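S.K.: Here is how the chains run, residue by residue.
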Amino acid sequence: MTRLIEQQLRARAHDLLAGGAVDLFLGYRQGSSPLRVAPFVARAPAEAEKLVWNPLCVPNLAGALRKHAGRRVGLALKACDARSVAELLRLRQLAREQFYIVGVVCHGMADPAQVAASVSGPVSGLVEDGAELLISAGDEVARRRLPALLLAKCAACASPTPELYDELLGEALPAAGAPPADRFAAVRSFEALDPSARLAFWREQFSRCTLCYACQTVCPLCFCKQCPLTLARDDPRRQTREPVSVFAYHLMRAYHLADHCTGCDECERVCPEDIPLSLIYRKLELERQEPQA
Amino acid sequence: MSEPFEPRILGLLCSWCAYGGADTAGVSRFQYPANIRIVRVMCSGRVDPLFVARAFEQGADGVLVAGCHPGDCHYVSGNAFAEQRFARFGRLLDFFGIDRRRLRLAWVSASEGARFAAVVSEMTEELRALGPLRMQVP
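These protein sequence lines map, in sequence, to chains A and B.
If you're matching positions, the first sequence starts at -18 in the working numbering and goes up one per residue.
If you're matching positions, the second sequence starts at 800 in the working numbering and goes up one per residue.
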């Protein structure tokens, strides 16, 4: 199905660019390996052919939009990215009339780590065949059903259709199979631990943090020009990765995003140390759903 | 070697009420523990949770934010903002495993010297029972 969406997307991007409705079209192109895609800006109708759409188009495009302020931008949005864009619009960081949004119905994205684990060698090709993915590594070919390979956030996603679009590609299939997993199961079981165990857990996790600030760079909702939490390069606390400063950074980042985080989990995806940041941001989501007295 | 644990408390007191309250406590010679180090701020609504996080980072065992009673704020609604923001921040602290009682919000008017002394004594006792936070020890 993504093959069809890809064709439609290229055709729409081509027409929009050729007709002058947009100055540029933002989507994905094939990345440096079959398991990677990269955000891509098509600036001419001919470049629309480079756009791709497959179950690996995970990166959130919302963060790239502010760079293109003042230009007319067409873009392809999944449901989770559309939530980020909607939040940026609510915060008046973007102007709605600037965008032509092609919404794409998304039935979940595959976890590259699980795809890679399906075959023995390095993955050389990935093709979608109906509801299955054909993963090839050299001569070896593995067939896997997409629902078995989903990212955790996609397995728990309730809405395949974006809430914000000018036109929609793809069809929302009736929910087949298992209902979405409980988004908050991990948060609830974590909160059942006693405080000292929670503190020990976060200390352990944050001890790996190198303060690279990738989580902040990638976050579409981190739009402040200057961040009071970022330590300067020559700050001794940053150079020594002072554990308590790392702790304060993550605590304050959670506080600053308490109202804004849309749960795209990009921070966790880009974290080079695999710190389970999504746990924090699920907690914020839970807080907003269940306002406490 | 084993000295009794003395908690270090940072007090962020609003200039119009709580700081006046602390002054009254001093002038009227009410006794309260010397564990608190006071910083005067213009309003409890001025206190960014970042100050609290940095205080814990620098070795405080507890933080007291004190301002005017609800409705008495010199800037009309600063204390209401403070209350909202620290309720949320307290829940986050809890999630990260820092006991919520280490951050206390209190309303003390400029005439309530006795109340200020009571708040500080109570908080010091509570923190003694909780023990040191030891954020700085790896």
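Hints may contain errors.
Derived, one-sided and incomplete: chain A residues facing chain B with beta-carbon distance under 8 angstroms [said to hold, decoys possible]:
1. Lys48
2. Ala173
3. Ser177
4. Leu180
5. Tyr194
6. Ser226
Listed next, the stretches of chain B that the computed footprint assigns to chain A, with coverage defined by at least 3 CB atoms under 8 angstroms from CB atoms of chain A [as the list claims (entries may be wrong)]:
7. 869 to 877
8. 922 to 929
Honestly, the hints are just simulated from the structure, not real lab data.
Model, not experiment: these values are computed from the prediction.
The beta carbon of each residue, even a glycine, is placed where N, CA and C say it ideally should be.
S.K.: Provide an ascending list of the numbers of those earlier hints which the structure does not satisfy.
M.R.: When the structure is compared with the hints, numbers 1, 2, 5, 7 and 8 turn out to be violated.
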